[in-house]
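Peer 1: For reference, the chains in residue letters:
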Amino acid sequence: MLELRPAGSWTAANVTRLEMLSGAVAAQLDRSKAVRLDMTGVRELDTLGAWLLEKMSRRAISAGHHADVVGVADNYAGLIEEVGCVNRHNPVPAPVLNPILVKVSDVGRAAIGAMEDLTVFLQMLGALCSAIYGVLRRPRSLRVTSLFYQLYKVGFLAIPIVVLITFLIGAIIAQQGIFHFRKFGADSYVVDMVGILVLRELGVLIVAIMVAGRSGSAYTAELGSMKMREEIDALSTMGLDPVEVLILPRIVALVCALPILTFIGSMAALYGGCLVAWFYGGMGPAIFIARLHDAVSVTSFEVGMIKAPFMALVIGIVACSEGLRVKGSAESLGKRTTTSVVKSIFLVIVLDGLFAVFFASVGM
Amino acid sequence: MPELTPQLAIRVSDLVVGFGRHVVIDHLSLDVRRGEILGLVGASGGGKSVLMRTIIGLIPRQSGTIEVMGAAIGDTHDRSNRNAAGRWGILFQQGALFSSLTVRQNVQFPLRENLVLSDTLMDEIATAKLEMVGLKPEDGDKFPAELSGGMTKRVALARALALDPAIVFLDEPTSGLDPIAAGDFDVLIKTLQKTLGLTVFMVTHDLASLNTVCDRVAALADGKIVAIGPMRELLQSEHPWVRAYFHGKRSLMLQPKAS
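Protein chains in written order, with this note's numbering: chain A, 1 to 364; chain B, 1 to 259.
Treat the hints as calculated values from the structure; they're not laboratory data. Don't take every hint at face value.
Unchecked claim - Taking beta-carbon pairs under 8 Å as the criterion, some of the chain B residues facing chain A (in silico): (1) S99; (2) S100; (3) L115; (4) V116; (5) L121; (6) E124; (7) I125; (8) T127; (9) E131; (10) M132; (11) P144; (12) D164; (13) K194; (14) T195.
Unchecked claim - DSSO-like, lysine-lysine: derived pairs with alpha carbons at most 27 Å apart: (15) K335(A) to K103(A); (16) K335(A) to K153(A); (17) K103(A) to K142(B); (18) K190(B) to K136(B); (19) K33(A) to K55(A); (20) K224(B) to K55(A); (21) K327(A) to K142(B); (22) K33(A) to K153(A); (23) K224(B) to K136(B); (24) K103(A) to K343(A); (25) K55(A) to K194(B); (26) K153(A) to K343(A); (27) K335(A) to K142(B); (28) K327(A) to K136(B); (29) K249(B) to K224(B); (30) K327(A) to K343(A).
Note that CB positions come from ideal geometry on N, CA and C, so glycine has one too.
Next up, chain A with everything else stripped away, as it sits in the complex:
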């Protein structure tokens, strides 16, 4: 016969000590034939304390012994009774999975996920095309205000940061070029390098990456929170096409803004290169411009500019479709925004590679 006399405050505040106490009697509980819990000394009791006491008596009962709880104060009787009903059936433990199978299924899921991404992309492209067709048939349905507002946000407001970054990039390339070309007396060729690199590749690439991070993420977050607050559902129930109202102005604004930003960015990069060539390489602006005139053709400039709207389209479609895939939770919004930026930067670089192959084969 084991008699336990818990006393004092059996409340959450003392949990560490209470857990130690109840752990200490566990061995005794298993050994003794009968247990008697005298609760007269318990001054305060809450769910946690009641559960610890209940666990002791359950342990005794499950070992086949007799357990007796006496001296429960009236105001705690309800609580003891309530706690006696909980944790009765244990939830089924999740089946242990074969780790190799898990890896294989992960690969399968990733492949299906990639297919799904492609479908979503094509779906959005199709929806966009049908929205454009609708706007062409009824030009008045184009949201002009929204379009200009978006153009202002993604285009005009992005100019300072685009100019700053591309200016620095142009300057750095020129500095590195002069530093290394000087070793074999070819420092004047730095103009060729800066000119071709900036106009063909870097200008558009840097600007597209910045726009993906700056405006693409904003698109995803905006559309995602609209989705969360059921604004998009509200639009569709009013008979409006969310693609036409929300997405078309955004993507069109991006397609218009990115070439302009690319042009401004390329000019800023050339300006940065020119300044470095002047102050660091000792090549005056007149010579720089004359050499630039010889080095780059209009083709280089065209190659860069042709790529810009396509990159904008990819960024816009990825950002908007990710935005529409946001589910109810705040976490999903964050995840989709990250995915949107990562995926659009990846696609921009892949697209740049494809264009390089294309232009090489047409001889531009």
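Chain A is fixed; fit chain B onto it per the hints.
Peer 2: Leaving out everything else, chain B in the frame of chain A:
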């Protein structure tokens, strides 16, 4: 009962709260007795939630004192405030569950942050709380986004009760629930209040729950408590706003039951 005046759980005296020049709570005094369920009614935008949020320290006050379980509550983000957090649990209107945690982790969160205890015990306590609010242990592995409105409220209540606080604040606990779910939730509040000996401070517009659950009802109008007492007394109140509230078209269904 040995003492004539029952002990007070919350004591608010001469409280003033405002935003800029706009005074929301105007020299308000309110006492909540220990172990009662107090319902607070008031016009939408009339400062009910503001009063509740001021008591729990989320909104700074301009003047007045607030005592909870005999201890004065300091201004927002005060240290004394944080210590008081274990004394009360709050059920926010939308549940305010942490969306990145499962239901079980949500209920365990206050335990994990405030106490030192083993993982097994924490799991058992969380399951016990979930069962006490009428959920199945299996629901513990779901994420808040997968829950229905009624379940969200129940989980939020389980989280509010995780540390067995003496006082629970409920902000419109039955809003957005269908009458059956709302009725079940009322019963749940009443049962838990009895088993755990809680003091419940409830902001609500639900006339049915005011009628069935609340021991006393306080009416907030023009930034003051204009009437307080059991439902019967409030129905006889002469204050024009209280009359309009309880004797309007929507409240007529209460008449035969209460008189």
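Peer 1: Next step is simple, just say for each hint if it's right about the structure.
Peer 2: Tested hints:
1. Checking S99(B) against chain A by beta carbon gives a least distance of about 4 Å; that is within 8 Å, so the hint holds.
2. A cut of 8 Å between beta carbons decides the hint on S100(B): the least distance to chain A is about 5 Å, and the hint holds.
3. With 8 Å as the threshold, the beta carbon of L115(B) comes within range of chain A, its nearest partner Cβ sitting at about 5 Å, so the hint holds.
4. Of the supplied interface hints, the one on V116(B) holds, with its beta-carbon coming within about 5 Å of a beta-carbon of chain A, less than 8 Å.
5. At about 6 Å, the closest approach between the beta carbon of L121(B) and any beta carbon in chain A falls short of 8 Å, and the interface hint on this residue holds.
6. For the restraint placing E124(B) at the interface with chain A, the shortest Cβ-Cβ distance is roughly 6 Å, inside the 8 Å limit, so the hint holds.
7. Below 8 Å, beta-carbon pairs count as interface contacts, and I125(B) has one with chain A at about 6 Å; its hint therefore holds.
8. Because the beta carbon of T127(B) sits about 5 Å from the nearest beta carbon in chain A, less than 8 Å, this interface hint is met.
9. Because the smallest distance between the Cβ of E131(B) and any Cβ of chain A comes to about 4 Å, under 8 Å, the interface hint for this residue holds.
10. Because the smallest distance between the Cβ of M132(B) and any Cβ of chain A comes to about 6 Å, under 8 Å, the interface hint for this residue holds.
11. A cut of 8 Å between beta carbons decides the hint on P144(B): the least distance to chain A is about 7 Å, and the hint holds.
12. With a least beta-carbon distance of about 4 Å to chain A, the hint placing D164(B) at the interface is held under the 8 Å criterion.
13. For K194(B), the suggested interface contact is upheld, since its CB lies about 6 Å from the closest CB of chain A, less than 8 Å.
14. For T195(B), the interface hint holds, the least distance from its beta-carbon to any beta-carbon of chain A being 4 Å, beneath 8 Å.
15. At roughly 22 Å between alpha-carbon atoms, K335(A) and K103(A) fall within 27 Å of each other, so this suggested pair holds.
16. For the hint pairing K335(A) with K153(A), the CA-to-CA distance comes to about 23 Å; that is within 27 Å, so the pair holds.
17. For the given pair, K103(A) sits about 24 Å from K142(B) by alpha-carbon distance, which is consistent with the 27 Å threshold.
18. Simply put, K190(B) and K136(B) have alpha-carbon atoms about 20 Å apart, close enough for the 27 Å limit, and the pair holds.
19. Among the hinted pairs, K33(A) with K55(A) is consistent with the structure: their alpha-carbon atoms are about 17 Å apart, no more than 27 Å.
20. Of the supplied pair hints, the one linking K224(B) and K55(A) is violated, its CA atoms being roughly 49 Å apart against a limit of 27 Å.
21. For the proposed pair K327(A) and K142(B), the alpha carbon gap of about 15 Å is at most 27 Å, so the pair holds.
22. Restraint check: the Cα-Cα separation between K33(A) and K153(A) comes to about 79 Å, which exceeds 27 Å; the hinted pair is violated.
23. Simply put, K224(B) and K136(B) have alpha-carbon atoms about 42 Å apart, too far for the 27 Å limit, and the pair is violated.
24. This hinted pair checks out: K103(A) and K343(A) have alpha carbons roughly 23 Å apart, not beyond 27 Å.
25. Between K55(A) and K194(B), the direct Cα distance comes to roughly 22 Å. Compliance with the 27 Å bound is thereby established for this hinted pair.
26. With a C-alpha separation of about 22 Å, the suggested pair K153(A) and K343(A) falls inside the 27 Å cut-off, and the hint holds.
27. The straight-line distance between the Cα atoms of K335(A) and K142(B) is roughly 19 Å, inside the 27 Å bound, and the hint therefore holds.
28. At most 27 Å may separate the alpha-carbon atoms for a hinted pair to count; K327(A) and K136(B) meet this at roughly 25 Å.
29. Only pairs whose Cα atoms come within 27 Å are accepted, and K249(B) paired with K224(B) is accepted, the gap being roughly 25 Å.
30. Distance restraint check for K327(A) and K343(A): the Cα-Cα separation of roughly 19 Å lies within the 27 Å cut-off, and the hinted pair is therefore satisfied.
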